[in-house]
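Protein chains in written order, with the numbering used here: chain L, 1 to 356; chain W, 1 to 931.
By construction, these hints were calculated from the structure, which means they are not laboratory data. The model shown is predicted, which means the values in this text are computed figures rather than measured ones. One should not assume that every hint holds.
Cut-off 20 Å, straight-line C-alpha distance, at most; resulting in silico cross-link-like pairs (SDA-like, lysine to any residue) [unchecked claim]:
1. W:K877 / W:R930
2. W:K156 / W:L276
3. W:K401 / L:D170
4. W:K2 / W:L276
5. W:K108 / W:G79
6. W:K61 / W:E113
7. W:K671 / L:P179
8. W:K401 / L:E180
9. W:K401 / L:T216
10. W:K671 / L:A70
11. W:K401 / L:T181
12. W:K671 / L:E180
13. W:K671 / L:D178
14. L:K46 / L:S31
15. W:K877 / W:I838
16. W:K270 / W:L313
17. W:K329 / W:K401
18. L:K46 / L:D32
19. W:K860 / W:L929
20. W:K401 / L:P179
21. W:K877 / W:H798
22. W:K401 / W:T332
23. W:K671 / L:S198
24. W:K401 / W:K156
25. W:K671 / L:R343
26. W:K671 / L:T181
27. L:K88 / L:D178
28. W:K877 / W:R863
29. W:K2 / W:T332
Simulated restraints on C-beta separations [what the hints assert, rightly or not]:
30. W:S19 / L:E318: 30 to 36 Å
31. W:Y882 / L:T96: 47 to 53 Å
32. W:R890 / L:E197: 54 to 60 Å
33. L:G136 / W:L878: 44 to 50 Å
Non-contacting residues of chain W with respect to chain L, defined by C-beta distances greater than 10 Å in every case (computed) [unchecked claim]:
34. L126
35. S143
36. R326
37. L333
38. G341
39. C515
40. A520
C-beta atoms are modelled at their ideal positions from N, C-alpha and C, and glycine is treated no differently.
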Amino acid sequence: MEYAAVEIDMGKDVDVERIVQEAQSAIAAVSDLDALARLRNSLLGKGSALGMARSSLGKMAEDARRSLGAAIEGARKEIEQSVDRQRKVIEENARTKRIEADRLDLTEWAEVVAPQRGHLQLVQRTRDELEDVFVGMGFDVVEGPEVETDWYNFEALNIPPAHPARGMWDTFYLRLGDPETVLLRTHTSPTQIHVMESGELPIYAVMPGRCYRRDTPDSRHLPAFHQIEGLVVDEGISFANLAGTIEDFTGAYFGSGMHSRLRPSYFPFTEPSAEFEVTCAICRGEGCRTCSHTGWIELGGCGMVHPAVFEAVGIDTERWSGFAFGFGIDRCAQMRYQIPDMRVLQENDYRWMRQI
Amino acid sequence: MKVPLSWLRDFAPFEQDVSVLADTLSELGLVVEGIDRIGDGLDGVLVAKVLDIAPIPGAEKVRSITVDAGRGEERIVCGAWNFSIGDHVALAPVGTVLPVGMEIAARKIRGVESRGMLCSAYELGLSEDKEGLLVLGNQDTVSPGTSLPEAIGIQKDTVFDLALEGNRPDALSIFGVARDLAARMGIALYDHWLDGSGWGGWDGRFDGEGSPAAGNGGTHGDDIVLRDIYTEDALPAGAPTNGSVAQVVVTGTDLCPRFTASVFGVVSVKESPSWLARRLALAGMRPINNVVDTSNYVMLELGQPTHPYDLDLLADRTIRVRAARRGEKVVTLDGVERVLGSRSTGPGDDLRDCVICDGDDILIGIAGIMGGASTEISVSTRNILLEAAYFQPMAISRTSKRLALRSEASVRFERGCDPYAIGRAVRRFYDILLKTYEDTSGDVMASSYGNGPGDTTPAGIAGRPVVYLGSLDTRGDLPRTVPIRVSISRLNGLLGTDLATQVIMDRLERIGFKCTMLPAGIPGSSGDVIEVVPPSYRPDVLREADVAEEVARHTGYSSIVPRRPRSPRVGRLTGYQRRRRLLREIVAGMGAFEAWCPSIVDPESHLAIGLRGMDVAVENPLNTEESVLRRSLLPGLLRSAAYNIERREDAVRLFEIGRIFPYPNADRVNKALARSIAQVLDEREMCGVLFAWPEDGVREALQLLSEISDTLGLRSFDIFQRGYTDKLPLYREGPSEVYSLAGLNPSRSGLVVVSSDMPVYSDANAGSASTSLELASALQPGTAVGVVGEVDPDVVAHFHAGGISASHPDGRRIGWLQLDLGLLLDAAPAKDEAARPISRYPSTDIDLCFTVPREIAAAKISRLLRTAAGDSLEYVKLIDVYRLDDGRDRSLTFRIRLSSLDHTLMDTEIAEIHSHCVDILERELGVTLRG
């Protein structure tokens with residue numbers, strides 16, 4: 001917008017204040033930067049009211065000149081400042097407009113994108129977490145073969161041929177060697193024998209891995225499953241140490257407020273033997289359907305290493321004692337993620353795996 | 001095992017709260033799996049007489065019933081149809097909580113107010129019968145409004161369902177449970193059980209019985225033991241004239257170390273009285289007749305199975321005990337024909353099944369497991385031969401397993417009955433059988449109840465319902481209890497306790513162990529040794545640790561204070577384990593889902609991918625489809641991919657880390673069986689990754705390979721592909737499955753080989769705790785560690801994993817990467833760990849575009865360019881591939897980025913490298929710059 005120069009009547013008083021006011025309202029009305037530059041020139045240039053007032057100064061008396069000169073200079077500064085302010089306003093408005101025009105509904109992308117990463121298998125992840133707890137307690141992680149001889153899976157574990165206790169495990173035998181001499185391990189306990197045979201003492205180790213039993217698949221059993229076995233052999237190891245290890249593990253893995261307890265049980269390779277139960281995670285010990293109103297869930301078996309097992313691997317029972325424990329990794333996962341049917345674990349269904 | 005509390009209370013005053021008793025039982029290892037409260041919830045249920053049955057307009061399934069339950073007429077809506085006017089039924093009024101947990105409320109059904117429910121036997125917890133209402137048969141004696149428990153004679157009781165471990169044969173009886181429970185609770189058994197008077201005033205022994213440590217009166221060296229029972233009195237019918245009542249011949253006393261036969265005459269065989277039938281039913285057995293029921297009662301109470309034969313149906317009144325001949329057959333009481341000695345149950349099985357025959361050597365039963373139908377007790381039975389024996393536990397176990405036949409008796413025999421408590425069971429049989437003839441007032445028909453063995457007056461004579469005619473007892477080599485020396489300090493050390501000697505001895509003595517303090521100074525004793533003799537009903541207690549368990553059980557596991565041991569080790573995963581976790585993260589990071597596929601697979605799956613060689617077969621698979629161990633991860637993942645594609649998943653990327661099982665040579669198996677090597681198979685842990693991606697999956701497989709190599713800090717891999725690299729040396733570690741290209745597209749697959757001989761990982765933590773994989777040392781350059789490429793389209797089609805659809809008319813190209821983790825993570829050469837300096841000067845690129853025949857691998861060109869570029873090289877990268885129209889040649893554009901550590905490269909230097917690169921390619925491969 002053009003602004004007409006104010007005619008200054010040379011003889012009259014110059015009303016600086018009015019000039020500034022009129023300039024400011026003119027500036028405030030400008031909304032683009034080019035017009036603002038032009039307006040600035042017309043307000044402050046030679047032909048402007050201020051410019052003419054300034055050129056008239058030379059003819060004025062000393063006193064009047066000084067006071068008017070100061071007023072003109074003050075007015076110029078004020079107008080310059082108004083121009084600057086208005087420039088910022090215009091720039092800000094332009095930016096706001098530009099930014100607003102570029103608006104993005106973030107939820108649009110949030111709805112569009114999907115995770116690109118894959119997922120780790122639930123049992124594997126559970127195994128990692130269990131391993132980490134035991135590593136933190138000073139244990140090594142050792143893995144053993146899945147195909148074993150009768151010696152490792154049974155005999156060295158104090159289960160001689162035809163022992164009725166063999167009925168505790170439905171074994172898959174392999175067509176190798178003499179009949180029923182080579183088999184798929186029915187538990188991770190044979191890895192204990194491998195570790196003890198290696199001869200290095202003391203032993204603080206957990207042994208996770210896949211095991212096999214000839215069970216028809218149902219919601220709680222698969223023919224293949226995963227166990228983690230623990231073995232400690234050292235001087236002066238007692239049943240109290242076993243209870244302490246189970247209790248500390250329970251708190252570390254299941255969370256504080258979760259406890260364990262031992263109940264007499266029977267395994268040929270431990271004596272005394274126990275099963276261990278942990279606080280029911282569903283009701284936290286209050287009693288519910290899952291735990292048959294006992295407040296406890298059975299997790300695994302444990303006990304002091306049977307002297308016959310030590311004898312089988314040549315460990316001196318006068319000097320060394322030890323304990324072992326074992327439980328199902330799949331079962332931990334089942335408890336934790338409340339999986340009603342274990343068979344889903346082997347279906348590898350994307351829809352299921354994606355949510356875990 | 002089901003244990004009624006009322007029965008336990010026969011032996012000791014267990015008056016504590018049921019939950020206290022249950023907890024104590026569980027703490028003893030007699031784990032209570034369920035508590036059945038009989039008669040609970042029936043208090044409010046009333047007998048109601050049906051007065052009227054009226055249809056409800058518009059309702060087809062329910063009717064309006066008017067009943068009288070002693071409170072005036074009441075109207076109930078009911079959906080059952082099995083009753084009529086005048087019948088007595090059970091009414092649960094509003095507010096009743098039924099045994100099944102159902103709470104009865106007033107309801108309006110089809111517009112009719114129903115105040116209560118008429119119940120089925122199932123809803124009342126009386127039986128499994130859900131069909132129709134319980135209709136009572138005693139209209140004449142019971143008036144409407146009587147409480148149901150009173151009307152049908154239900155007595156309240158509690159039944160514990162115990163899960164017993166295989167090492168506790170002593171607890172497989174009501175008495176055994178009572179004995180353990182009483183000891184733990186500090187309650188004494190009633191005196192008459194302790195002094196023997198409870199067993200019928202008899203000392204409970206045949207001659208010489210009851211003192212195992214003293215021996216059994218001489219072992220019979222011969223196989224055949226023969227005894228006759230002689231009687232002065234004639235049997236009522238068909239008795240042999242020579243006075244011999246029965247004979248027993250035992251052949252093979254190793255199978256049957258003790259056999260007793262006792263003969264009883266009875267006036268009749270009849271239905272058991274209700275108290276006996278009820279106890280059997282509570283314990284889970286079906287009542288049959290008073291003789292069979294008595295035998296079962298004694299087994300449940302004392303744990304000693306017995307078997308009654310109809311003596312008059314036994315040929316020659318003779319019992320023969322022997323091993324069955326192979327293939328011999330018998331029809332057991334359950335009506336099934338059983339073939340004996342037919343199938344080995346495992347190593348150490350001599351195929352000998354112990355059987356019972358009659359005098360004609362005809363099989364009449366399988367010893368200790370199940371009797372035959374031909375000699376069973378019937379209403380016409382008048383003379384009973386009662387077998388009470390001790391069979392070899394292992395033999396019973398094997399036979400039971402062989403025939404897949406378990407019975408209440410076999411379970412007890414295979415765990416080991418008390419061979420020295422047989423007489424007591426026979427005496428108890430006599431007493432209980434006699435009681436079954438008592439009339440309701442408790443009087444016995446006979447005047448001489450309680451005369452017991454030795455009184456041989458025939459049955460029926462002088463009104464006596466049961467007459468004992470004598471016993472015979474044959475013995476072979478019976479197990480003996482052996483004294484165990486127990487060091488008190490070692491026992492406390494094992495348990496982590498500080499129990500006083502006297503406390504330990506007390507706890508043991510309460511459960512029948514005899515303890516003697518040994519004087520200080522005897523060999524092996526530091527003055528704290530006791531000698532412990534376990535009772536004959538505890539065959540499981542053989543050594544010090546077994547005694548320790550008994551002490552712990554009767555101390556209470558929960559009162560042993562937990563104390564975690566301090567491991568002297570620093571816990572850490574091995575390098576292999578750490579790198580395997582990293583590998584899984586890398587693969588998942590590429591978008592793959594981790595799968596778990598079966599290791600027992602269909603042999604067809606190996607044929608389908610063309611994998612040659614033998615499979616390790618499962619001898620006893622669950623089904624023929626899953627009968628061999630897998631030798632490749634490919635079929636399982638293809639199947640899972642097909643599963644997901646079928647469910648309309650578009651991008652399927654799956655991986656698995658798992659073992660494969662190559663077939664071993666015979667030598668290896670023999671060595672493992674002889675224990676000179678620790679592993680039967682050379683199991684290999686593999687990582688298989690499958691890219692069933694709408695894009696070309698091979699590219700992703702190679703991308704992943706490069707990520708793995710980079711992240712794990714491996715030097716680099718070469719791809720050995722048919723048609724490009726045949727002449728290069730190739731080292732093969734391990735079984736052929738590791739580098740088998742089976743199932744892959746021959747022109748689009750190759751081996752992943754180690755391309756450098758840089759140092760291997762040095763891992764102080766690896767040690768013996770590493771994985772099972774058997775690796776000698778660092779790998780040679782050129783060693784195959786796996787395969788990469790595209791799955792053969794025919795294989796993809798076979799597994800239906802192509803997912804042909806409108807968007808993929810030709811199906812997917814599926815990419816595959818399989819790596820041997822033992823080779824990759826334990827032995828593959830690592831990059832030099834020292835970091836190299838980077839240039840501070842500007843870099844320059846030379847882009848070269850060559851016409852390359854398809855027979856020449858791109859990798860070969862980049863290798864030559866790398867050599868030619870010399871010290872100034874940053875990298876060589878293939879940045880463009882363009883297939884020429886002739887189909888034989890390609891145009892490949894390589895970018896060579898150059899820089900120097902100490903100056904900006906000059907044009908002359910760059911020109912020199914440029915011409916060097918061009919020259920070397922032309923000279924070595926005849927490849928020229930594209931014009």
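Evaluation of the provided hints:
About 17 Å separates the Cα atoms of K877 of chain W and R930 of chain W, which keeps this hinted pair within 20 Å; it holds. For the hint pairing K156 of chain W with L276 of chain W, the CA-to-CA distance comes to about 15 Å; that is within 20 Å, so the pair holds. The straight-line distance between the Cα atoms of K401 of chain W and D170 of chain L is roughly 11 Å, inside the 20 Å bound, and the hint therefore holds. A threshold of 20 Å between alpha carbons decides the hint, and for K2 of chain W with L276 of chain W the separation of about 15 Å falls inside it, so the pair holds.
About 14 Å separates the Cα atoms of K108 of chain W and G79 of chain W, which keeps this hinted pair within 20 Å; it holds. Proximity of K61 of chain W to E113 of chain W is assessed by CA-CA distance (about 16 Å); at most 20 Å being required, the pair is judged to hold. Note on K671 of chain W and P179 of chain L: the hinted pairing holds, with a Cα-Cα distance of about 16 Å set against a maximum of 20 Å. The hinted pair formed by K401 of chain W and E180 of chain L meets the criterion: a straight-line CA distance of about 15 Å does not exceed 20 Å.
A distance of roughly 18 Å separates the Cα atoms of K401 of chain W and T216 of chain L; the hinted pair therefore holds under the 20 Å criterion. For the proposed pair K671 of chain W and A70 of chain L, the alpha carbon gap of about 113 Å is over 20 Å, so the pair is violated. In summary, the hint linking K401 of chain W to T181 of chain L is supported, as the alpha carbons are separated by about 18 Å, within the 20 Å threshold. A hinted pair counts as satisfied when its Cα atoms are at most 20 Å apart, and K671 of chain W with E180 of chain L qualifies at roughly 16 Å.
Taking the CA atoms of K671 of chain W and D178 of chain L, the gap is about 13 Å. The hint holds against a cut of 20 Å. Straight-line distance between C-alpha atoms of K46 of chain L and S31 of chain L comes to about 24 Å, which puts the hinted pair past the 20 Å bound. For the hint pairing K877 of chain W with I838 of chain W, the CA-to-CA distance comes to about 18 Å; that is within 20 Å, so the pair holds. For the hint linking K270 of chain W to L313 of chain W, the alpha-carbon distance of about 18 Å falls within 20 Å, and the restraint holds.
Distance check on the hinted pair: K329 of chain W and K401 of chain W sit about 16 Å apart at the alpha-carbon level, within 20 Å; holds. Between K46 of chain L and D32 of chain L the CA atoms are separated by roughly 23 Å; this puts the pair beyond 20 Å, and the hint is violated. Of the supplied pair hints, the one linking K860 of chain W and L929 of chain W holds, its CA atoms being roughly 16 Å apart against a limit of 20 Å. For the given pair, K401 of chain W sits about 17 Å from P179 of chain L by alpha-carbon distance, which is consistent with the 20 Å threshold.
Using a Cα cut-off of 20 Å, the hinted pair K877 of chain W and H798 of chain W is violated, with the two alpha carbons roughly 38 Å apart. Proposed proximity of K401 of chain W and T332 of chain W is supported: the alpha carbons are some 16 Å apart, at most 20 Å. Restraint check for K671 of chain W and S198 of chain L: satisfied, since their Cα atoms lie roughly 17 Å apart, inside the 20 Å limit. A distance of roughly 39 Å separates the Cα atoms of K401 of chain W and K156 of chain W; the hinted pair therefore is violated under the 20 Å criterion.
The suggested pairing of K671 of chain W with R343 of chain L is violated, with an alpha-carbon distance near 37 Å, which exceeds 20 Å. Restraint check for K671 of chain W and T181 of chain L: satisfied, since their Cα atoms lie roughly 13 Å apart, inside the 20 Å limit. Proximity of K88 of chain L to D178 of chain L is assessed by CA-CA distance (about 94 Å); at most 20 Å being required, the pair is judged violated. Note on K877 of chain W and R863 of chain W: the hinted pairing holds, with a Cα-Cα distance of about 10 Å set against a maximum of 20 Å.
Among the hinted pairs, K2 of chain W with T332 of chain W is inconsistent with the structure: their alpha-carbon atoms are about 25 Å apart, more than 20 Å. S19 of chain W and E318 of chain L have their C-beta atoms about 44 Å apart, which leaves the hinted 30 to 36 Å range violated. Here the CB-CB span from Y882 of chain W to T96 of chain L is close to 49 Å, well matched to the stated 47 to 53 Å. A hinted range of 54 to 60 Å for the beta carbons of R890 of chain W and E197 of chain L is consistent with their spacing of about 57 Å.
At roughly 47 Å, the beta-carbon separation of G136 of chain L and L878 of chain W lies within the given 44 to 50 Å, and the hint holds. With a least CB separation of 23 Å from chain L, L126 of chain W remains clear of the 10 Å interface cut-off, as annotated. For S143 of chain W, the requirement that its beta carbon stay farther than 10 Å from each beta carbon of chain L is met, with the minimum near 39 Å. Even its closest Cβ contact with chain L, about 17 Å, leaves R326 of chain W beyond 10 Å, as expected for a residue assigned away from the interface.
Its beta-carbon lying about 23 Å from the closest one in chain L, L333 of chain W satisfies the requirement of being farther than 10 Å from that chain. For G341 of chain W, the non-interface assignment is confirmed: its Cβ lies about 15 Å from the closest Cβ of chain L, beyond the 10 Å cut-off. Look at C515 of chain W: its CB is around 18 Å from the nearest CB on chain L, clear of 10 Å, so calling it non-interface holds up. The claim that A520 of chain W is not at the interface with chain L holds, since no C-beta of that chain comes within 10 Å of its own (minimum 19 Å).
Of the hints listed earlier, those the structure fails to meet are numbers 10, 14, 18, 21, 24, 25, 27, 29, 30, in rising order.
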